[in-house]
Every structure is written in C-alpha cells, then in structure tokens.
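Given the structure of chain D, go ahead and fit chains R and Z onto it with the hints provided.
Residue numbers (the numbering used here), protein chains in the order written: chain D, 55 to 298; chain R, 226 to 454; chain Z, 3 to 71.
These aren't lab readings, by the way, just hints derived from the structure by calculation.
Hints may contain errors.
[Said to hold, decoys possible] Using 16 angstroms as the maximum straight-line C-alpha spacing, the simulated EDC-like pairs for lysine to aspartate or glutamate come out as follows:
| no. | chain 1 | residue 1 | chain 2 | residue 2 |
| --- | --- | --- | --- | --- |
| 1 | Z | LYS41 | D | GLU260 |
| 2 | D | LYS153 | Z | GLU15 |
| 3 | D | LYS153 | Z | ASP14 |
| 4 | D | LYS153 | D | ASP163 |
[Stated by the list, open to error] Computed footprint of chain Z on chain D, listed as stretches where at least three residues anywhere in the stretch have a Cβ under 8 angstroms from a Cβ of chain Z:
| no. | segment |
| --- | --- |
| 5 | 87-98 |
| 6 | 258-270 |
Quick reminder that beta carbons are idealized off the backbone N, C-alpha and C, glycines included.
Chain residues, written in single-letter form:
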Amino acid sequence: MNLSLRVLAFATAALIGVGFALVFFYVPNEADQGFIQKIFYLHVPLAIIALGGFIVGGIHAIRHLRSGDPVHDARSYVSIHTSVIFGVAVLITGAIWAKASWGRWWVWDEPTLVSFLIVFLLYATYYPLRYAIPDRERQARYASVFAITAGAFVPLNFMAVRAAQSLVHPRTFATADGGLTGEMWLTFLVCFAGMAALWWLLVRFELTAKRTSGQVSRLRRALDADPSLPGTGVAARIAPGTSR
Amino acid sequence: MSSPPSTPSVIATILAKDLRVELRTLQSVPAMVLFSTTIYVVFRFGLDRTRLAGSLAAGVLLVTILFAALLAVNRLFVAEREQGGFEAVRLAPVDGTALFFAKAGALVVYLVALEIVALPVFWLFFLDSGEGLLPLLPVLLLLDVGLAVTGALISPIATNSTARDLIGPLILLPLLVPPMIAASAAGQRLLAGPGPDYDRYGTWLGILGLYDLIFLLIGWAVFDFLLED
Amino acid sequence: MLLAATPALPLDEAGKYVAAAYIVFVLLLLIYVGLMAAKLARISRDLEELADLAESRAEPAPAREEVRA
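This is chain D alone, in the form it adopts within the complex (with noise of 0.2 angstroms):
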C-alpha cells in the first residue's frame, strides 16, 4: 500500500481523534479498575505496535542481509527507532497506571510489563552498537544480525518472564484477556489501528527525512567534485556531516 505521506497523516489523525473520543465519551468504565482504565487504550496499543515494529525491523534486517541493499538498513534502522520512541511511552504510561492502581511507579507483578523493560533496554543498546562501528557497510551489517537476534529474542522473553511469576501473584491488569465489553471491543480497535497508522506515519516520515538528507549529501558532493568552477569547497562547509 503506497499511501501518501497526507493521506497517512490524514488518517492517523482521524483515527486517534475517533478514538480518543470513543475512550472519552463512549466506552463505558470497567468494574473493578474504573476511570484509571481508560489508560489501558492507550498503554496496551503503544506497547503491542512497538513489540510489532521490533518484529518488523528484524524483518527488514533479513531483507538487508540478503540482498545487500542499504534501503533495507534505513527501514530496519528507522522501525527500531520508532519502536525505541514507542517503548518510552509504554514505559511511562504503565508507570502512570501502575502508580494509580498500586500507588508505586514500578511494580515487579505484572510481566508484561517487566518482559517490555527488558526488551527495551535491549534495543536501547541498538543505537551505541551502530555509533561504535564506523564503517558504514560492516555498520549496516551488524546492526541487521542485532535486529534479527533481538526479534527472536522478543517472544522467548515475554515467555520467560511469564513463567517466573509466582502463580501467587494474580494479573493485575485486566487486559484483552480479560471480559471485554463489545464498546471496549470497539474503542480498543480503533485505538490500535490509529497507534499503528501513527508509527507507519512516523516511519515513513523519518525515511524520507534521511532520504532527503541523503540527496542533500550527494548534490553537496557533486557540486563540490568539479574543481575548475569556482567557489569549490564552499559546498562542503554546507552542510557538513549530514545526520546518521
């Protein structure tokens, strides 16, 4: 699908609007946990999109490694970015939801909570990898071996972590899992679809942003190679180090 870049923002404004609304002024309040659930539409949709980008990402990495194409990084690169950004929401939002519901900014009970920290200070560790490695090439190719192992190693993860708890400690958070209403159906569906229209947005935002800095980079070279016109080497004090 090759939805413009309007088209998409469009929609991903509409989407999160309608939803937003829809928790606002439709759903109606959960029985146990009441108001402080409606946090539950927008932690758990961040937090599977992002868990989804990372997946994505390990994708692309595949894609990278066997054709070789640079395009494949800027995807892998840029999806894992968007995730890492996604991640700190999540981390913040089910800080904001575990302090109402349990009155402390962190709790160790709910896994999957726990298994998503985990997962994030692993990809965390994508952007010192990719500083540490100046070669662009060699760069580019270790970072798709890390986004392949950390992919694979999301779902082990959240099963680990799930397994270590105490079968004392009940879950928590009413979550999919639990008795969901047709309205909560309703509101969590559009809620997610908007998050995921959100990151497609933010991706493909950021890809033409790098593309664009990377065309910047080659008119700058090339207007810098002819070296009988003058003003050459001004173009390069233009400009200089364009972003990584």
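This is chains R and Z only, laid out in the frame that chain D set:
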C-alpha cells in the same frame, strides 16, 4: 586432490587450537576463577551474610557465573581480530559458522572449568548442605551453553567495534535475561533452606533448552555475515 | 478475582492520572514533531544554499560583467 575439510572437523580443529592456547597461556579460566571467588567475598559483605539459601544463594551464584562469562566473552575473539583469524576463516574453503560453533564450544569448556572450582568454593563459603547442587548441574550446563552461544554471537560484534569492552556486556546482558530468569527460578528452589524443591524443574530446563536451541539456530544463520569484510 | 486488590480511587484523583498518561503521549508526539521540523528546516536551508551555489556557477561571467558595469 583433497576435498575441503568437513565442518565438524573444522570445528574440532579450531576448538582444539583454542583449548591448547588457553592451556598454555592461561588467559581466561584462572582469571574467571579468581574473579568469582573475590565476588563471593564481596557478596558476603554486601549482603551481610555468611550463609545463603534459596533465592539469595541462586542469585549470588548465578550472577557470579554470569559476570565471569562476560570476562571470557570479551577476550573470545581478540586473537582472531589481532592475528587475522577472521580473514583466515573467510578465505579458507570452510563454512564460517564453524568458527561460531568452535568458539561457543570453547566458552562452554571454560565455564565448566570455572564451575568445577567455583561450585565447591560456593558450597564451602555459603551453603549448609550440598544437596541441591547435584540437580543444579543440568541447569548450570544448559545455562553455560546459553551463555556460550549468545556470547560467541555478540563477541565478534563487540570486538570489531570501537567501544569494545562496553558494547559486549551492554548488548549481552538483556539478551541473557531469559536464561538467567529460568536458572534463578530453578536455583532458588533447588537451593532452598529445607531441601531441594523440584517444583516445575522441567519447565526451567525447558526454557533454558529452548533458548539454547533458538540462539544456536540464529548463530548458525547469521554468523557468516559477521565475518564479511 | 482481583476485585479486592485494586483500590477504588475517587474520580478526580483517577482523572489526573489518566489525563497525565494521555498528555505524556501527546507531549512525546509533539517533541518528535518538533525535532523533525528542526531537521527539515536544516535540510531546507542547506538546499537553498546549494541551489544558490549551483545557480551562481551556471552563469558566473555575465553576472560579474553586470556588477562591474
């Protein structure tokens, strides 16, 4: 005239070479042993305990093994980087993943050698009874394989980067959380005060085994890409 | 099953936390947009200077003649 050597024989050759070098230079294992003993002492004071049981015992033992493994991982591929081992494997008509399996194998050997000393010392320092140690052995062995396989996968990345000693442990530690969780869960039950508790013993072994298998497969699939120039 | 575990907070107390969560989300989004806007501004500036440079090379001689005259 002679066909290229089979992968198992290449693995054996590289592994034998590494073990021979280790025996001669004693670079890794003695440091790991000394390190772990000192860590025990630090824990004795840090936790203000002279006897450990249950989760504290498992925690101290496993964290010690983990950190000793990080030491070994950091120097696993140094020789390859400095003496052209990567190029040699790349140019030779052998499967690059042989290097991966050989290095992982070497790490397992080092960790087992470490535990041969570190476990009795742990028993001496902290345990009232060694009952739980025997059923703990399979857990430790599977954990060692997990540490070795993941270490052998991440180590070349770290060795070939500029932040060498930092990047390795940084990436490795989150990856090792699942096997550590499983090993701790098993360990705290086996080392429990009243006596070893076999609650879900099979589950923990299962998680460790699954982890080992998955990372072996991943290493087998992607290691070649780490060898490329 | 967990009815006893979760505290029943009064609405305005709970409302603050929910609001905080959604506000955090919006803030993060705005920060992202801000950073991207800055990046775009930089690219724009660079492109404009490069365009000027390219144009000045396209017709250097006549321009200089004009200036001297």
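Run through the hints listed earlier and report the numbers of any the structure violates, in increasing order.
none
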